[in-house]
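S.K.: Single-letter residue listing:
Number of protein chains: 2
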Amino acid sequence: MIVRNLAGIRASECNIKSENNTWESARMLLKKDGMGFSFHITTLYAGAKIQLQYLNHFESVFVMSGLGSIQNLANGETHVLEPGVMYALDKHDDHILRIEKEITCACTFNPPVSGREVHDENGSYPADVD
Amino acid sequence: MIVRNLAGIRASECNIKSENNTWESARMLLKKDGMGFSFHITTLYAGAKIQLQYLNHFESVFVMSGLGSIQNLANGETHVLEPGVMYALDKHDDHILRIEKEITCACTFNPPVSGREVHDENGSYPADVD
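Chains as they are written, first to last, in our numbering: chain A, 1 to 130; chain B, 1 to 130.
Treat the hints loosely; a few may be bogus.
Chain A is nowhere near these chain B residues, computed Cβ spacing over 10 Å in every case [said to hold, decoys possible]:
(1) ILE16
(2) ASN21
(3) THR43
(4) ASP90
No more than 27 Å apart at the CA atoms, straight line, and that leaves these computed lysine-lysine pairs for DSS-like [as the list claims (entries may be wrong)]:
(5) B:LYS101 with A:LYS31
(6) A:LYS31 with B:LYS31
(7) A:LYS101 with A:LYS32
The set of hints was computed from the structure by calculation and includes no laboratory data.
Note that the Cβ used here is the ideal one computed from N, Cα and C, for glycine as well.
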């Protein structure tokens, strides 16, 4: 059994901040934990506009606090992000996040992230960096 | 892209209540969604004492609100459950949850739950009911 605390993870090397200061992510579970997925508590800063497409991962995001939107670039549709909303990128969807009030969300990645990835020019993570 | 709302899931057949009135679980993502994991927002009722062991699944649980504890029956250790705490059952750990104030938590299961499982006599889910 693994037991971890968000405050402890945020104070550790498992808390990753984006280079352009749009988000940070506390990696609560990583590939090395052997769960078959990784689990992150991510903060998206107010004012951020972030385009992402995870070509090598499925990701689900559950919004716990804050306000923003997600635009699906496949069809242009925009969905409000507010507490209780979940989106799941089941088609490796190219998308834009727009953050109005700082969002905190719970994210699951399959396959699990190792913790050393950085977003590439497509806003994607590589397939495996181990 | 899948977009769902907790209130909508709670009002649907994807909201499962335990027979003994100790928990309910809103299945935000299930096996059929093809993400390779399932994702549930689960409520554990105040006063509940629940013994579980998922012999066929890995589960992680992130506590969003409430207060309680988890006891690891392999070594007897007890850990406080409060907002920000995550536990991960990486060894199919036999455990007891004790709920002091109603807990709401975000749960990920690998392999994904199909939504039709019920806990068996061990507090486990079957390997696959499809």
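S.K.: Going through the numbered hints above, which ones does this structure break? Give me the numbers in ascending order.
M.R.: 4, 5, 7
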